[in-house]
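So the mapping is simple: our numbering equals the position in the sequence shown, first residue as 1, plus 246.
There's no promise every hint is true.
Unchecked claim - In the DSBU-like style, the derived pairs of lysine-lysine whose C-alpha atoms are separated by at most 35 Å in a straight line are:
no. : residue 1 : residue 2
1   : K369      : K584
2   : K450      : K369
3   : K381      : K319
4   : K521      : K474
5   : K369      : K560
6   : K468      : K369
7   : K319      : K332
8   : K531      : K319
9   : K584      : K531
10  : K369      : K323
Hints were generated in silico from the structure; no laboratory data involved.
Being a predicted model, the structure only gives us computed values, none of them experimental.
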Amino acid sequence: MMEPSPQSLNYLIPPLAPPQSPPLEPPPQSPPPPPPLEPTPTKPNQFLSLLSKRPSLRVTSEFDSDSRVFFHKVSCKLFDNLAKLKLSFINNSKREISEPQLALTSKYLSIHYDPEEQYTLIKSSFDVGPMLHFKAAHDVKAQRGDVAMIANLADPSYAVEVSSPVPYVGLPKATIRFPMGEVTLEEREEEEVPRTFSINGILKGPILNGVCAAHYMDEELKLRYSYKDGAMSFIPSISLPSNALSFAFKRRVSPSDKLSYWYNLDSNYWSAVYKHTYDEDFKFKAGYDSEVRLGWASLWVGDENGKAKTAPMKMKVQFMLQVPQDDIKSSMLMFRVKKRWDIL
Numbered sequence: 247m248m249e250p251s252p253q254s255l256n257y258l259i260p261p262l263a264p265p266q267s268p269p270l271e272p273p274p275q276s277p278p279p280p281p282p283l284e285p286t287p288t289k290p291n292q293f294l295s296l297l298s299k300r301p302s303l304r305v306t307s308e309f310d311s312d313s314r315v316f317f318h319k320v321s322c323k324l325f326d327n328l329a330k331l332k333l334s335f336i337n338n339s340k341r342e343i344s345e346p347q348l349a350l351t352s353k354y355l356s357i358h359y360d361p362e363e364q365y366t367l368i369k370s371s372f373d374v375g376p377m378l379h380f381k382a383a384h385d386v387k388a389q390r391g392d393v394a395m396i397a398n399l400a401d402p403s404y405a406v407e408v409s410s411p412v413p414y415v416g417l418p419k420a421t422i423r424f425p426m427g428e429v430t431l432e433e434r435e436e437e438e439v440p441r442t443f444s445i446n447g448i449l450k451g452p453i454l455n456g457v458c459a460a461h462y463m464d465e466e467l468k469l470r471y472s473y474k475d476g477a478m479s480f481i482p483s484i485s486l487p488s489n490a491l492s493f494a495f496k497r498r499v500s501p502s503d504k505l506s507y508w509y510n511l512d513s514n515y516w517s518a519v520y521k522h523t524y525d526e527d528f529k530f531k532a533g534y535d536s537e538v539r540l541g542w543a544s545l546w547v548g549d550e551n552g553k554a555k556t557a558p559m560k561m562k563v564q565f566m567l568q569v570p571q572d573d574i575k576s577s578m579l580m581f582r583v584k585k586r587w588d589i590l
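Using the sequences provided together with the hints, build the complete structure.
Structure representation (structure tokens):
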């Protein structure tokens, strides 16, 4: 049996709620403190930073067993690669230094100095405007040089160059370049002959699936035709007025084997070369030259036409065997080594 609650609730009249006090406004808050002032970045002295940066030093040495001399080249980049200083010299078997050369090169100026000959050559080149380029060279010892101005037209393949020696001698030389070649007009001065104008030039263009080139210089014309496809090259040439005719034939037997043959019909001299490429850094070549009556074979370690820095261990090695046809016993084995060190 449930017990009655001590107080009966009246559900018709809601109970009086106690009076509510108006909400208190929050006290005004003080504005946040300003952020701490960061120190104004000071622009570093670019000139001092260029001087304090350690230059990179490169040393390249090359030895030729035939001449038995060392050729050394020391170079370093200065001022964050803005300039390059290079020293080269030859060191013979007696440890004597000869032919020293000192050069300082940059984008706009280069200075070459030969201490033995007391020879200094200064070269400069820079853009005068968007289509004008100026270059000059001066030999300090001989007190002469030359200046040139090159104007590029709207099409980059067209250009006009005007050059003149300093001190001024005669009219300047003018060269016009265009997609099919170039033509040069200059004044010529010979003994007991009045001054005349000479024209030299090169013209080339596609003919019969090949390229034909005409080279005219010093009153001699050389005509050369070159036909090349994926596996064969045929290059005949003739010189006028001597009528000297020659031709070259090249055949790629496989992706790694190539045979070249050259014959001169005027002198009956000929030469042949066989080349086998193992990969980018190994190459074998063998050949014969009838003019000097010499057979030879060569092995390259490192790209034949590349630099030492791209070769394995930054070193290039060449071994060559020469066998004279008339005296086989005087055959000679030679080698050449080129090594580069990056010190810094």
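Going through the hints against the structure:
| no. | hint | in the structure |
| --- | --- | --- |
| 1 | K369 <-> K584 | holds (29 Å) |
| 2 | K450 <-> K369 | holds (32 Å) |
| 3 | K381 <-> K319 | holds (27 Å) |
| 4 | K521 <-> K474 | holds (18 Å) |
| 5 | K369 <-> K560 | holds (31 Å) |
| 6 | K468 <-> K369 | holds (33 Å) |
| 7 | K319 <-> K332 | holds (7 Å) |
| 8 | K531 <-> K319 | holds (28 Å) |
| 9 | K584 <-> K531 | holds (19 Å) |
| 10 | K369 <-> K323 | holds (19 Å) |
The structure is consistent with each of the numbered hints, conforming to all of them.
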